[in-house]
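Residue numbers (the working numbering), protein chains in the order written: chain A, 1 to 295; chain B, 1 to 286.
No lab work stands behind these hints, which were simulated from the structure alone.
Note that the structure is a prediction, hence the values are computed from the model and not measured.
Keep in mind that a hint or two might mislead.
Listed next, the in silico DSS-like pairs over lysine-lysine satisfying Cα-Cα at most 27 angstroms (straight line) [claimed, not checked]:
| hint | chain 1 | residue 1 | chain 2 | residue 2 |
| --- | --- | --- | --- | --- |
| 1 | A | K130 | B | K185 |
| 2 | A | K180 | B | K185 |
| 3 | A | K223 | A | K284 |
| 4 | A | K148 | B | K185 |
If you anchor each label on the Cβ, the simulated ranges turn out as follows [as the list claims (entries may be wrong)]:
| hint | chain 1 | residue 1 | chain 2 | residue 2 | range |
| --- | --- | --- | --- | --- | --- |
| 5 | A | T291 | B | N103 | 12 to 22 angstroms |
| 6 | B | G170 | A | G77 | 45 to 55 angstroms |
| 7 | A | D177 | B | V188 | 23 to 33 angstroms |
| 8 | B | I231 | A | K176 | 47 to 57 angstroms |
| 9 | A | D177 | B | T113 | 45 to 55 angstroms |
| 10 | A | K130 | B | V135 | 57 to 67 angstroms |
| 11 | B | L109 | A | Y51 | 27 to 37 angstroms |
| 12 | B | P121 | A | Y51 | 12 to 22 angstroms |
| 13 | A | D109 | B | N104 | 24 to 34 angstroms |
Cβ atoms here follow ideal geometry from the backbone N, Cα and C, with glycine treated the same way.
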Amino acid sequence: MESEKTKEESKPFEDPEKKPDARQRSVEPQPAYRGEPAASAMVAERLSAYYGAFKALADINISIQQNKITALIGPSGCGKSTFVRCLNRMHEVTPGGRIEGKLLLYGEDVCGRDVDPVQVRRKVGMVFQKPNPFPTMSIYDNVIAGLKLGGRRKSSELSEVVERTLRQAALWDEVKDKLKESGMALSGGQQQRLCIARTLAVEPEVVLMDEPASALDPVSTQKIEDAMEELKERYTVVIVTHNMQQAARISDYTGFFYIENMGDPGRLWEFDETSKIFSSPNRKETEDYVTGRFG
Amino acid sequence: MSQLATTSARYRRRKLLDKAMTVMAYLCTLAAIVPLVLVLVYVAIKGLGAWSPQFFTGLPQLFGNGGGIYNAIIGTVIIVGLASLMGIPFGIMAGIYLAEYGNNHLGSLIRFTTDVMTGIPSIVVGIFAYGLLVVSMGGFNAFAGAFSLAILMVPIITRTTEEMIRLVPGSIREAALALGAPRWKTIVYVVVPTALGGIMTGILLSIARVAGETAPLILTILGSNFLNTRIFQGPVAALPLQIYDFSRSPYAGVIEAAWGASLVLVLMVLILSLAARLILARRGST
Ligand SMILES: Nc1ncnc2c1ncn2[C@@H]1O[C@H](COP(=O)(O)OP(=O)(O)OP(=O)(O)O)[C@@H](O)[C@H]1O
Ligand SMILES: [Mg+2]
């Protein structure tokens, strides 16, 4: 089963139209992995990231487990956002953005010279810190924007996709009667859940979230956390957060990013199961950080 | 005690200065608006007398009440429409290029060129079109006129399009890219629609600007007392040229027709400008 899986996953950059079972696969939950040691969805090996001459991240080695929630924590400026932006090659959109090292998605190189970043981003979706719905589009069009922009448009399926993803993002009940209204007419928390639904509609393998709840009230935050609990049934989730309780509550694995001396690049200081990080971390800085003694 | 007194003296002086400056600002605003209002009112008073159904449906005459401006209205619509067909796509695409890909030497060069083009006297553009299109096509024609107006439109549209596209927040762009949209689709389906209100405003303002141009038209379409809807052949009438013609007449009735035609032209430009304002205001509020 394991080998079958990897074989199926080994060509993640093919055109989805040519590979109809790619979408079905992610539709069904994957019971085979329950209780077993999970497989890696993404692996970074000695990954370093630069902004021009400035080295923001150095030698990151991490293995992100499939169908798990991985939380990334750490003091401000230590490169968490930079790291998640590397994972779907959004880092190179920044002027001067450059990556060294190796990054694998289900065993295949993400940064290879002939890998199309557009294909990577369809497999590795992203939710940003600030909600950013498309201002000219209705709620409905926002959700399916990724499908239309990506060139997939079987319009018969679209309304199903809209309902399913809005339910997954715990937004359906609030917007089902005003799908034709502008996405900008929603509250900040609703906009963020709309952005989550929009990301899910593309059916990515991995969902990256960079502080998705940092601008939201506790109720909206709760809704997003609830949504994530369901998301991991079908997706691999990586979430950056400054909220320790949130990381402890929702994640299975936690990575702690840290800069030892001013001016150094950020490093992945410790990475382990969340329970371990929050109860008995191996390194003193991690413990200080998660217990709120600095940072 | 004395401390307080000096402060309050200073305060009084500051307040006085504030008043004086406010009054100055009002006066300057007034000085800017008064000529505009005067022109509008004067043209309206003088021009309304010439308006009649025949004025809008007839052809011009050299005597009497000057006849009508039907051919001039049609001519202006054809020429401005044709100029828009040529200038708008060109200007928008150049603006998109400058905003999205223009951070290089070629971009700076194009930007510099458009800025220079904005400053070129329109008569020079007319001479250029004359040499290029009138001489080679064997006579005055509507296409040459539209071409010269398009040249005047392009820099305006290019620069407003560039500015408006630059105003689109980077977060919107990133959202589209992160969904796996190729760059060009991000631009066409997300960035440009978001900036569309501003782009439309630039387009309407550029049309308003060229609708009243006279100098390049003298050299390209010449003007005519007859209706000519052919694009590549023969002199064509246009409102600014007709106004010029009418106003040189010795007959009072014909002079009045010049005012009537002026009023039509002013209203056309005014409506376009107002529409541009409206679109921008509506877009800005959403
Ligand atoms: N566009 C950029 N150009 C140059 N340097 C940048 C850029 N973005 C981030 N950096 C630098 O890279 C380093 C890491 O930044 P990053 O945004 O990844 O930190 P972070 O861990 O996400 O911080 P926060 O918790 O505040 O969001 C910082 O030193 C920052 O100054
Ligand atoms: Mg960040």
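The hints, checked one at a time:
1. A/K130 / B/K185: holds, 22 angstroms
2. A/K180 / B/K185: holds, 22 angstroms
3. A/K223 / A/K284: It is violated: about 33 angstroms lies between the C-alpha atoms, which goes past 27 angstroms.
4. A/K148 / B/K185: Given pair A/K148, B/K185 holds - Cα atoms ~10 angstroms apart, limit 27 angstroms.
5. A/T291 / B/N103: 12 to 22 angstroms: violated, 47 angstroms
6. B/G170 / A/G77: 45 to 55 angstroms: violated, 20 angstroms
7. A/D177 / B/V188: 23 to 33 angstroms: Once the Cβ atoms are compared, 31 angstroms apart, the range 23 to 33 angstroms for B/V188 and A/D177 holds.
8. B/I231 / A/K176: 47 to 57 angstroms: holds, 53 angstroms
9. A/D177 / B/T113: 45 to 55 angstroms: holds, 52 angstroms
10. A/K130 / B/V135: 57 to 67 angstroms: Since the Cβ atoms of A/K130 and B/V135 sit about 59 angstroms apart, the hinted range of 57 to 67 angstroms holds.
11. B/L109 / A/Y51: 27 to 37 angstroms: Hint holds: Cβ distance 28 angstroms, inside 27 to 37 angstroms.
12. B/P121 / A/Y51: 12 to 22 angstroms: Once the Cβ atoms are compared, 47 angstroms apart, the range 12 to 22 angstroms for A/Y51 and B/P121 is violated.
13. A/D109 / B/N104: 24 to 34 angstroms: At roughly 30 angstroms between Cβ atoms, B/N104 and A/D109 fall inside 24 to 34 angstroms, so the hint holds.
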